[in-house]
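**Q** Each protein sequence line maps, in turn, to chains A, B and C.
The working numbering puts the first residue of the first sequence at 1, with every later residue one more than the last.
The working numbering puts the first residue of the second sequence at 342, with every later residue one more than the last.
The working numbering puts the first residue of the third sequence at 655, with every later residue one more than the last.
Don't take each hint at face value.
Going by beta-carbon spacing under 8 angstroms, a handful of chain B positions derived as facing chain A [claimed, not checked]: (1) Phe-526; (2) Pro-537; (3) Val-548; (4) Pro-551.
Heads up, simulated DSS-like pairs for lysine-lysine below, C-alpha to C-alpha not over 30 angstroms straight-line [said to hold, decoys possible]: (5) C:Lys-868 to A:Lys-296; (6) B:Lys-363 to A:Lys-151; (7) C:Lys-938 to C:Lys-806; (8) A:Lys-151 to C:Lys-721.
I should point out that these hints are in silico values taken from the structure, not numbers from a laboratory.
Glycine is no exception: its CB is placed at the ideal position from the N, C-alpha and C atoms.
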Amino acid sequence: MSEPLLQIDGLCKTFHVAKSASGNTRLKALDGISLTVGRGETLGLVGESGCGKSTLARTLMMLETPDAGTVTFEGTNPFGLRGKELLSWRRRVQMVFQDPFASLNARMSAGAIIAEPWATHRNLYPSSREREARVRELLHMVGLRPSDARKSPQEFSGGQRQRIGIARALALNPDVIILDEPVSALDLSVQAQVLNLLNDLQQELGVSYIFISHDLTVVRHVADRVAVMYLGRIIETGDTEEVFDHPRHPYTAALMSASPKLDVTGAKRDRIVLQGELPSPLDPPSGCRFRTRCWKAQDICAEVAPEPRVATAADGTLHLVECHFPLESVRGLTGATTAAG
Amino acid sequence: MKSSITEPAVEGNLTLFRLLLKDRFAMVSALVLILIGLTAVIGPVLMGDLATKQNLLFANKAPFSLAYGWEYVLGSDSLGRSMLARLVVASRTTFSVALPAVAAALVIGSLWGVWAGYHRGWRENVSMRIADVIMSFPSLLLAVVVLYVFSPSAGNIVLILALTRIPIYLRTARAESAELQSRTFVDAARTFGARPNAIIGRHVIPVVLPTLLTLATLEFCYVMLAESSLSFLGIGIQPPDVSWGLMVSQGRQYLQTAWWLSIFPGVAIVVTTIAANVLAAWLRIATDPAQRWRLALPRKRLIVRIPVKEAKP
Amino acid sequence: MKTAAQTVLTGQPRASDVVLSVQDLAVDIRTHRGTVRAVNGVGFEARAGETLALLGESGCGKSMTAKALAGIMDPVCDLAGGEIVLNGTDLAALTPKERLKFAGPELGIVFQDALTALNPVYTVGTQLGEAFRIHRGLSAKEAKAEAIELMKRVGIPEPESRVNSYPHQFSGGMRQRILIAMAVALNPRLLIADEPTTALDVTVQAQIMQLLRKLREEGQMAVVLITHDLAVVAEEADSVAVMYAGNVVESGPVSEVFSDPRHPYTKGLLESVPVHVERGAHLKSIAGSPPELHDIPAGCVYQSRCPLVQDICRAERPRLLPVNGSAAVVQTGAEDDADNGLGADADLDGGNYAGNFAGTRPPRPGRVAACHFSKELNNV
């Protein structure tokens, strides 16, 4: 196992919002997130909308300031940095956004978009000749033609735009790229192209990915480890195969079960269809946050918030779960696709 | 010759010019503006002292007649001064007041608004309250007070007109900028560590500017009329200087007997404003890469149905 | 809530009667680059109590087809030909005014974006009751009672108190339920669902799909499900029509089409899904992107991305022809005996097909694919 490159400990972020039904104005978007990302590793981050995964991404990109907790990146906490040091930290962590249309300024050419980070990080490629050469190189890396540099974003398809977004994230030679739903806006056939590209880039550059997605099939394909979020907490984390094949948290099991499977045998699965919807993050349930929708909930779940506990430690990877009554072994939930593993 | 591929995608001015040639209305507007501009620059020299030369023999002559010589083709006022010459001379005065006033208000208001909208928070609140105060104070009253205290020089008129119109740009720029600063591409720029001012310059202003320019052309009309009402109160342009606005207000009492006295300068104001506005609207579309295709669109195609190229099954 | 469903359901069609039959449907769009054909010669059948999926990527014409069925096309679009036979009436031949009578009692539609499909200034109850007031002439009070009944039917908790709420006061999943309730208010024979769960979270998506299934069973509705999600098709649909660049390129029962695709596009799509693939291994993606509508080539629509492309594909557009799926299924190996047996019989006699389902079914069109080389597809 690679040593952690990025370590997140107890990260909290609270937003102040207009009054909710209960008069609560504090929205705890992140409530003690702890994660590690190894060098060259892909961490999948899974959860439904409103679970805080985008806030986590924005906080790591320092678009939001956390209330508590630390982020350690090669021994330094970026939130204490200022000026030049902060700038050099920003270079190490970059992001690819979900919407390939909104994330590119329509008034700039593809080349200018890719070169934009260097306007701030001037010493990276000081001469304009170096920059142009690097833009061509980046375009080539993401599978576009050098002549595409002069085109404006609307001349590209969605998949090509996402390639430009990836090239822009690579422009600063980062060590970690946060991919916020990078393929969910793309068509299936194009999605596979972009996933392949991301995979190739990782092998070539050794970059780590934090891959945020609601599409479990995609996460299963790309992630080495996976973390499942629910209402601002990581409720289960572990090796991808382990979590997908033996989910221990009821929510993880339900999530896996609810996501449609491309199962050509036509056999009907028994699905866990969760009742109700995500509670408002403004008024999260007491104790365990999932208890309102959990079929295993008991009295203790309402009183005591479960601590993370080790479920299994296969291949030296911790499989942590936050549940008072973790599932022992769930069969038939992950469908026929898991037989190979 | 070798344009850098990393430069912003402002496609050459040549392309813009070609697009202009395609759009008939924008083209005519551009020509009109050029004509008016040239008139304001070199016209007064050509007219010499015709504008101030009184000739009571030719007082209140109706326009469109060459009987009294070319200079009276647009008629004359009650002192027998040539309307044509007066219009030409007034154009320079008008522009030398209205243009700086509009430009100053545009620059100050826009930058302020963009800054306030980008940062939100207290900067936005304070800015908006200041704008409210200026807006709610009757601008004419403000002008009267200031111009009574200080001398009604052209510079002071410009200053007053600019000051009272700043909130217009401030509000628009703030609203657009506040919306833009939440866009993903702005977030992307933040993740590189770009400074706020760099982001404002690179991402916010280019998007907001066309809207503000369109607004400015409308304001141009307003400022000209505001200047005329100041002149009407006797604290604006001082005779023998003359402006279009002043001519309109002076001619108003003769509307029954000599309509041309206020109609011609009025037409001049309207034509200038419309031309500027059409051109600004065109520019707004032409500089937006996402909308530029509209200009290449033959107008009727969307309505008329054209049979499909038959695809072989 | 059962009673509500049953009282109106008198004289319901028998299961698997053909409710909707579409033939040679063509839709033109007028654009600034000239008129383009967005839907070209599309045909399919939807049967009572079954779900037909229209599968395709963005811009393939699937939503345009749905809008043409419902008669709610944009003003720049024209129905250029074809038949839309709903319970014996050709909708395509009717005037827009005559078609209005069909919206509601015969045909309901569910949109993707529930927030924009609902009017924010009216209460949910008003909007739900509208159908009853228009088509049944009920009073506002009676309509409200019906609305409450309807909300119960689609599983909205506390309908009595929530009937007076506005759309923004509901969550995304609940709004989608309301939209579905509006579509099924008058127990239509046909329900068109245009990407009904795309905007929703996975767990909510499962709830909505469960609801659609339940309503389909109750009312013996025919459901046309428009989606880009292969997994949703695999789980929810009985038959599928795969669309590409405005054309149906392959159709047939889902289990057969997905286990043994006979068109390279279907095959490519299935292989693009990262299942059955080693983690991190290369996915078989389809190179390139779909053709622009104004630039569709003369021959096969898929030629620019097809690995099998030959000269004939560039010259001649393949027609939808029956494919003999059986031989190929045997070749692929004995993964699933039941399925193989079924596939072998399906082409010989449609009646045998019923083995997979309860009850006897009328003969149905077999599998068709529009490819010159559908037989050679296994070698790719």
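**Q** Are any of the numbered hints broken by this structure? If so, which, sorted upward?
**A** 2, 4, 7, 8
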